[in-house]
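We have chain S already, so just place chains H, R, D, Z and A on it with the hints.
Residue numbers (the working numbering), protein chains in the order written: chain S, 6 to 142; chain H, 6 to 142; chain R, 6 to 142; chain D, 6 to 142; chain Z, 6 to 142; chain A, 6 to 142.
For the record, the hints were derived by calculation from the structure and aren't laboratory data.
Be aware that a few hints might be false.
[Claimed, not checked] A few chain H residues facing chain R, derived, Cβ under 10 Å: (1) ALA17; (2) VAL78; (3) ALA79; (4) THR103; (5) GLY105; (6) TYR107; (7) LEU111.
Values in this document were obtained by computation on a predicted structure and should not be read as measured data.
We put the CB at the ideal spot given by N, CA and C, even for glycine.
Number of protein chains: 6
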Amino acid sequence: MSTIAPPCNPEADPRVKAVFDDIRRTRGNDFINNLWPHLAFDPALLEEVWSDVKAVMATPGEIDPLTKEMIYVAVSIANACSYCVHSHTAAARAKGMTDGMYAELLRIVSLAGRTNHLANALQLPIDSAFDASADPT
Amino acid sequence: MSTIAPPCNPEADPRVKAVFDDIRRTRGNDFINNLWPHLAFDPALLEEVWSDVKAVMATPGEIDPLTKEMIYVAVSIANACSYCVHSHTAAARAKGMTDGMYAELLRIVSLAGRTNHLANALQLPIDSAFDASADPT
Amino acid sequence: MSTIAPPCNPEADPRVKAVFDDIRRTRGNDFINNLWPHLAFDPALLEEVWSDVKAVMATPGEIDPLTKEMIYVAVSIANACSYCVHSHTAAARAKGMTDGMYAELLRIVSLAGRTNHLANALQLPIDSAFDASADPT
Amino acid sequence: MSTIAPPCNPEADPRVKAVFDDIRRTRGNDFINNLWPHLAFDPALLEEVWSDVKAVMATPGEIDPLTKEMIYVAVSIANACSYCVHSHTAAARAKGMTDGMYAELLRIVSLAGRTNHLANALQLPIDSAFDASADPT
Amino acid sequence: MSTIAPPCNPEADPRVKAVFDDIRRTRGNDFINNLWPHLAFDPALLEEVWSDVKAVMATPGEIDPLTKEMIYVAVSIANACSYCVHSHTAAARAKGMTDGMYAELLRIVSLAGRTNHLANALQLPIDSAFDASADPT
Amino acid sequence: MSTIAPPCNPEADPRVKAVFDDIRRTRGNDFINNLWPHLAFDPALLEEVWSDVKAVMATPGEIDPLTKEMIYVAVSIANACSYCVHSHTAAARAKGMTDGMYAELLRIVSLAGRTNHLANALQLPIDSAFDASADPT
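Bound-form chain S, shown alone (with noise of 0.2 Å):
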């Protein structure tokens, strides 16, 4: 149950045509997940969201395209997001991750919202070695 319906038939908009076959282009393949057709009500907000995402995660960079995915992955499980967490989980395996890779991730991501509640409960001071504009470039 979503909060908007998407269009029966988005590509009849030449707007959502054009960013859908990008899509596909993009990523060779012919799927296109909910997210993409249930943006298709507003077609502007449809560009920007894909220009965004293709411009980080579909062009290459320092970081390889697994990493990407499971830094990904983690933003998503701290901020609750389900379908994220599905989308870009999956998104992972398809570039590699093995399991053994996401028991690791699993347990990174758990120990980080361990420490993360422990360092906000104790408010701790920041320690003056962590200051990087004490010196700046």
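Just chains H, R, D, Z and A now, with coordinates in the frame of chain S:
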């Protein structure tokens, strides 16, 4: 300003000293950041937390140490844990994170923040293609 | 699946009936959404919550009713409250939110999600220009 | 640095003075913590918030006052509310929380932080045994 | 729908069986809730998580078992962890939480939610009276 | 204390100068708040973030500029983003938010905080009346 005052001389307690010594040995330097003396009011809790952190972060596994730190930073940002953001960003830098990698980490985390909010707003149905339980091992 | 079963016939309790009647009267229709029967296991709690909701949302003030609902939706998205996102998005629509306004609300909320993550990552110092306490009234 | 400057002499307003007097009387001491003068810019808001806090925290009920404060601290940690963590940890101490109890509170909260992240990662199906609605009263 | 399919017959692995047996023995009944088979894809992770949960929740300490569960529920609500809210609310009931106590728990948690938002909005300065570090032990 | 030191003279880089000039022109004043120099270590990231902020916040749309800022503040409060709460509360004031409107904003946000926690506690089923997908366009 913290919610508990660290003991004046925490290493006077041999259990605390043993943990601090192991932290120094494991990390290969003498720096003990504020988390540890603030946990020293309860040596058992200190031992438990260090044991967990060491097992996950200092044990070689399938995810390399720098990636582990970047995932830790990502979770800490999403949880708004100021102390953990500082300590693990510094740790990631110490393990080789360049400014270019940091910029890319910020891109991924902030994009995830954006789409997490979008997906939670739209209350998207999960695509059946993401259903891992459909394929039991 | 909820953590408490609503009473079979909640309005058999006159305190519950009085609240439900006031909800119907205040809103001008007969629909009682699931929050209220699930609170009816404790009539005092039901009265307190409805009293708060009525005072804030159904009392005319300086912010118009549609804007109030959009702010409510925004908070509920950030807090990952699925039920509240649904109920207040529906309420905003009932008060006149168009698809164009909804798309704009999604833009603002998701942009805030993005920059909230960036600012929490960078641990920015607060500009002194933002210091309201510098200008006591 | 706050987002609103408290009035220079908040108790010059008789509505504010009445609330402050009730806070002092209810708590049995003269300390007015920063929350209250910062709400005094709008006496109606001040009255509403104090009324809610008094009703829940200062009225005897089935949960004892110290447990109430520890639950309050737990929520405040999870919500990363620095001010509330400080004020309610201090209140819990004033009501008898020992260092041993505090260490145990930290264990529970940080363990919950850990398993909350795990369960949100795994997107676990809810066990039917947990379904309260299966047993309507 | 979960992000990993639990093994068909998890107790075929003797490490998994040992953990499951210990869960049944510790809790005094035969029910294994969904968290555990979903962690069984990585027996080491399963062992670590159960070891932590058992140490904190099943070991007698200064906080009684029912209070522990209510604190766990409080954190899980604030973190929007649907599964944990269900499992720990059921556990609290099994340990004696009455409807009256549950209503009071809801009052405290939701009041904390309210004032956490207020304090984060106002960005209140921490009262010096709350400074535990002013009184080192 | 931030996690990255802003460049000493950020506008020495022509890409940075172009963004800063556009910020000044768009806002009609000379104030550059701390977010922007801290992003200047990576000019491409700076350009992307400003481009997004300008498109959403500085482009006329169906939601008026003051309401946009109040929605931004609401999200930032819920996400516990201290910097964003400060910067957007100041922006809302600059666009005409009165103390009365601010008090009302605080009422709505804190009420949403309260009921978000209640609904996440009760794990309420979504009313079918809220199902937008039942009415495809």
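Against the structure, the hints:
| no. | hint | result |
| --- | --- | --- |
| 1 | ALA17 | violated, 33 Å |
| 2 | VAL78 | holds, 7 Å |
| 3 | ALA79 | holds, 9 Å |
| 4 | THR103 | violated, 16 Å |
| 5 | GLY105 | violated, 15 Å |
| 6 | TYR107 | holds, 9 Å |
| 7 | LEU111 | holds, 6 Å |
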